Amino acid sequence: MRARLTLLAAALASGMAQAELRGSGDLGLVIERASGSVQIVETTTPRSLGRIEGLGDLSHATAVFSRDARHAFVFGRDGGLTKLDLLAGRIERRIVQAGNAIGGAISQDGRLVAVANYEPGGVKLFDARSLELVQDIPTGSKVVGIADVPGQGFIFSLFDGDAIWLADTGKGESGPRLTKFADIGRQPYDGLITPDGRHYIAGLFGEDGLALIDLWRPEAGARRILAGYGRGQEPLPVYKMPHLRGWAVAGGLAFLPAIGRHEVLVADTRDWKQVTAIAVHGQPVFAVARPDGRHVWVNFAHPRNDTVQVIDAAKLEVAHTLKPGRGVMHLEFTPRGDQLWLSVRDADRVEIYDTRGPSLIASLPAKAPSGILMAARAHRIGF
Amino acid sequence: MLRWIALAALIAPAALAQPSPARQAELRHLVLHDCGSCHGLTMKGGLGRPLLPEALADKPDGFLVEVILGGVPGTPMPPWREELSASEARWIVEQLRKGNGDAR
Numbered sequence: 001m002r003a004r005l006t007l008l009a010a011a012l013a014s015g016m017a018q019a020e021l022r023g024s025g026d027l028g029l030v031i032e033r034a035s036g037s038v039q040i041v042e043t044t045t046p047r048s049l050g051r052i053e054g055l056g057d058l059s060h061a062t063a064v065f066s067r068d069a070r071h072a073f074v075f076g077r078d079g080g081l082t083k084l085d086l087l088a089g090r091i092e093r094r095i096v097q098a099g100n101a102i103g104g105a106i107s108q109d110g111r112l113v114a115v116a117n118y119e120p121g122g123v124k125l126f127d128a129r130s131l132e133l134v135q136d137i138p139t140g141s142k143v144v145g146i147a148d149v150p151g152q153g154f155i156f157s158l159f160d161g162d163a164i165w166l167a168d169t170g171k172g173e174s175g176p177r178l179t180k181f182a183d184i185g186r187q188p189y190d191g192l193i194t195p196d197g198r199h200y201i202a203g204l205f206g207e208d209g210l211a212l213i214d215l216w217r218p219e220a221g222a223r224r225i226l227a228g229y230g231r232g233q234e235p236l237p238v239y240k241m242p243h244l245r246g247w248a249v250a251g252g253l254a255f256l257p258a259i260g261r262h263e264v265l266v267a268d269t270r271d272w273k274q275v276t277a278i279a280v281h282g283q284p285v286f287a288v289a290r291p292d293g294r295h296v297w298v299n300f301a302h303p304r305n306d307t308v309q310v311i312d313a314a315k316l317e318v319a320h321t322l323k324p325g326r327g328v329m330h331l332e333f334t335p336r337g338d339q340l341w342l343s344v345r346d347a348d349r350v351e352i353y354d355t356r357g358p359s360l361i362a363s364l365p366a367k368a369p370s371g372i373l374m375a376a377r378a379h380r381i382g383f
Numbered sequence: 001m002l003r004w005i006a007l008a009a010l011i012a013p014a015a016l017a018q019p020s021p022a023r024q025a026e027l028r029h030l031v032l033h034d035c036g037s038c039h040g041l042t043m044k045g046g047l048g049r050p051l052l053p054e055a056l057a058d059k060p061d062g063f064l065v066e067v068i069l070g071g072v073p074g075t076p077m078p079p080w081r082e083e084l085s086a087s088e089a090r091w092i093v094e095q096l097r098k099g100n101g102d103a104r
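Just so you know, the protein sequences line up as chains B and A, in that order.
Heads up: the first sequence is residues 1 to 383, going by the numbering used here.
Heads up: the second sequence is residues 1 to 104, going by the numbering used here.
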């Protein structure tokens with residue numbers, strides 16, 4: 001099997017053998033997009049514990065974690081679904097479940113893993129233990145922006161269907177009960193659920209604005225927010241779609257990408273009205289709030305992806321501008337926000353910052369790194 | 001209007017020129033990562049369509065070059081005119097036809 005830990009297998013394996021017990025709360029994954037591998041990293045030292053290979057096409061790959069934070073489910077672009085054991089440092093199971101996938105989610109109780117597919121479209125639900133298929137939800141459309149919702153369910157958007165579907169998987173044996181929201185706006189390209197699990201927001205490619213669903217009042221349907229944020233100006237060409245999962249909700253404000261513009265939009269989460277738009281270096285891709293909410297870190301689309309900016313959430317302005325190098329793909333905080341990890345694809349490097357400066361404290365080699373995913377995601381709604 | 005004239009002037013002689021080896025390496029990188037983010041690292045498709053040789057077989061070069069330079073309005077396919085010359089777009093089409101899009 002190529003599916004083997006290659007670097008520090010010894011560290012982990014002998015650790016297991018000698019019953020040196022450890023938790024997984026300070027572990028994470030670094031996706032190496034072009035080589036079909038991931039590294040298991042540990043944030044306390046910080047260091048890499050090893051590399052696992054054989055995960056297929058990992059462009060656009062992401063992962064969710066089991067509720068005990070020991071296992072990761074990695075969703076590959078080629079439809080691969082790989083279950084990793086972080087502590088043993090190996091692949092536990094791997095299936096190829098579709099031709100072309102975009103992401104996934106794990107249910108509130110940790111029993112179901114949902115995968116959103118581009119080709120042939122639809123959502124598939126798998127048993128988290130065995131990776132056996134439990135349900136297939138055909139949609140007739142590319143599915144984007146899937147997230148778990150409180151009360152056993154998943155919510156997702158249909159890019160070609162201009163719709164949002166809510167699948168309640170908690171009831172009955174006959175499959176999930178679907179609630180379909182139409183009239184949400186054109187071409188939803190991704191979605192997020194707020195940290196409290198109450199609101200789902202889909203970004204729209206086809207128009208200026210986002211669609212909002214209040215899961216406490218689903219009967220009210222989808223509402224358009226920040227409509228017309230571009231004020232009629234032509235958007236710029238979009239070289240990379242923003243990713244909404246992980247977009248920042250901090251201090252009662254939501255920070256959202258303006259698609260095709262060099263702006264971060266700020267909305268008040270009480271009434272979802274626009275507070276301001278913050279001018280930034282490029283078209284934002286990810287904006288992630290430090291867990292305490294005071295700072296929001298933003299990276300940018302090609303060709304401005306060499307830069308990261310830090311927004312002060314109290315002053316609503318850019319406080320710091322960093323230049324880590326070309327191809328900054330992703331940003332991830334440690335659970336309490338003391339460190340920020342970012343991947344610099346073209347430099348084959350992951351950089352680790354002390355968020356107080358911010359100042360660079362370490363960097364680790366990685367092959368064309370993209371996503372960085374901390375195991376502590378296991379305990380967050382919408383991750 | 002001026003832009004179109006300039007463009008027409010660009011297309012004709014440029015069609016013969018090949019990008020320099022250094023530029024070819026940059027273009028390969030661009031195709032893999034920046035086209036790959038929508039079309040897949042292996043060009044099997046994603047938000048964008050597959051760009052494998054068989055998927056492009058019945059589409060003329062001129063059409064594909066125009067799509068790359070001008071994008072497809074109303075879809076996420078952006079225009080690459082600001083970054084790519086016509087001869088570079090043509091070279092990319094050649095590579096895609098040879099199945100070299102997957103540069104891994």
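Simulated from the structure, these hints should not be mistaken for lab results.
Quick caveat, the model's predicted, so the values are computed rather than measured.
Hints should not be assumed to be uniformly reliable.
[Unchecked claim] The calculated DSSO-like cross-link candidates involving lysine-lysine, where the alpha carbons are at most 30 Å apart (straight line), are:
# : chain 1 : residue 1 : chain 2 : residue 2
1 : A       : K98       : B       : K180
2 : B       : K367      : A       : K98
3 : B       : K323      : B       : K240
4 : B       : K180      : B       : K273
5 : A       : K98       : A       : K59
6 : A       : K59       : B       : K240
Going through the hints against the structure:
Taking the CA atoms of A/K98 and B/K180, the gap is near 43 Å; set against the 30 Å cutoff, the hint is violated. The hinted pair formed by B/K367 and A/K98 meets the criterion: a straight-line CA distance of about 26 Å does not exceed 30 Å. Distance check on the hinted pair: B/K323 and B/K240 sit about 19 Å apart at the alpha-carbon level, within 30 Å; holds. Proximity of B/K180 to B/K273 is assessed by CA-CA distance (about 25 Å); at most 30 Å being required, the pair is judged to hold.
A distance of roughly 14 Å separates the Cα atoms of A/K98 and A/K59; the hinted pair therefore holds under the 30 Å criterion. Between the alpha carbons of A/K59 and B/K240 the distance comes to roughly 25 Å, so the proposed pair stays at or under 30 Å and holds.
The earlier numbered hint that this structure contradicts is number 1, and it is the only one.
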